[in-house]
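Assemble the whole structure, with the sequences as input and the hints as a guide.
As a plain string of letters, each chain reads:
Number of protein chains: 2
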Amino acid sequence: MEESSQASREKIEQAKDKVIGAIAETMDIYGVTPAAANLYATMYFKDQMTLDEMREELEMSKPSMSTSVRKLQEIEMVKKTYTRGSRKHTYAAEKNFFRSFMVFYCQMWEREVKMNMEAVEEAQEDLINAIKDPASTPEIVADAKKYYDQLEDSKTYYRWLSDLVQSIRSGEIFEFLPKEK
Amino acid sequence: MEESSQASREKIEQAKDKVIGAIAETMDIYGVTPAAANLYATMYFKDQMTLDEMREELEMSKPSMSTSVRKLQEIEMVKKTYTRGSRKHTYAAEKNFFRSFMVFYCQMWEREVKMNMEAVEEAQEDLINAIKDPASTPEIVADAKKYYDQLEDSKTYYRWLSDLVQSIRSGEIFEFLPKEK
DNA sequence: AACAAAATTAAATAATTATTTAACAAGCTT
DNA sequence: AAGCTTGTTAAATAATTATTTAATTTTGTT
Chain A
116 MEESSQASRE KIEQAKDKVI GAIAETMDIY GVTPAAANLY ATMYFKDQMT
166 LDEMREELEM SKPSMSTSVR KLQEIEMVKK TYTRGSRKHT YAAEKNFFRS
216 FMVFYCQMWE REVKMNMEAV EEAQEDLINA IKDPASTPEI VADAKKYYDQ
266 LEDSKTYYRW LSDLVQSIRS GEIFEFLPKE K
Chain B
116 MEESSQASRE KIEQAKDKVI GAIAETMDIY GVTPAAANLY ATMYFKDQMT
166 LDEMREELEM SKPSMSTSVR KLQEIEMVKK TYTRGSRKHT YAAEKNFFRS
216 FMVFYCQMWE REVKMNMEAV EEAQEDLINA IKDPASTPEI VADAKKYYDQ
266 LEDSKTYYRW LSDLVQSIRS GEIFEFLPKE K
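So the sequence lines, in the order shown, correspond to chains A and B. For the first sequence, counting from 1, position 132 maps to 247 in my numbering; every step adds exactly one. For the second sequence, counting from 1, position 16 maps to 131 in my numbering; every step adds exactly one.
Incorrect hints may appear among the rest.
Same chains, same names: a pair is fine if it fits in one copy or spans any two.
[What the hints assert, rightly or not] Cross-link-like lysine-lysine pairs, in silico, BS3-like; alpha carbons within 30 Å at most:
#1 K194 with K161
#2 K195 with K261
#3 K186 with K247
#4 K194 with K210
Just so you know, the hints here were simulated from the structure itself, not pulled from any lab data.
Right, dumping it as structure tokens:
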């Protein structure tokens, strides 16, 4: 053994690896590839990294690191950092989980609300046409009304989800559910 | 044309298809296969369905319907219904999106909190050992402390997420963010 | 402007995941 | 209990997605 302090260094590495493993494993939630999940978890304990350092540390190809970083930037879990002197690009992990939560879920929920609300509105138009059409039998009208009401009901949910997004974005939610208790 | 009311029937089908398409498309969020997503969206406009009706309607294999239904049951977006008389199993879609939201996200977030909290607690133990170890150099101790504090900070987020789950489960959140405005 | 280094894109391969067909097991009905 | 219907499991195939190697483009330095 060249130095007894090496044992402590290893304990630290072990500790980090436990957390890196857990974060990477739960990151499938965020719809990222295993490479991106591992990368974020690794970066979580680093100040900043270049693509070559990532490749070295994860033992993966540079394009894989490049696409992973881009994907992580999209959901704002990684930000580009400007380091003068070095001409390599440097990137840093967002370490504030609250911010990651906000960006990721708000983005996702807004897409869901937008897409589904649009479809619902269009569908309701069609249903109204069927209801108003004099050629429609009473049975058809009843059916159309039933679906119309079901869709109208679903809008309550989409509006609520939209409100939730607003409340997270504005930080209002933390008045109701404080970060520290 | 055998009956002019057919045009209205078609308008209704068109309307449903728009919503079915949108729901199925946004359901990748819930980590289900395309088959399961399509199935749920289709069931959303039906009272209840048997496996054979699903196979017929989606033009897919019965085992595919069987596994899709099971997956949807796991996240409680589909429930088994008991229909006397028929010996075929029948299933119904959960049509209350609030309930689906609750079950899905609470389940997911609880898993994330549990896994990551456990890893963090274990890692912090290791770090304390490194800090207390007399063989550790001052540099090692400083490093270990830095990581310890970072992990301690992350616990604030996990506790908050856990509170959010509680608040959704209990319905308390709807006092702050009402369903209808 | 020319060169070198770094990053990205494209094409090919590898790995994973979804779906189907075929075999099996469980559940009713007579 | 035998036989038919329904549902599930297992193995094989198909489709998709992730990753790599190779080629190209971009960026910065001299």
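Hints not upheld, ascending by number: 3
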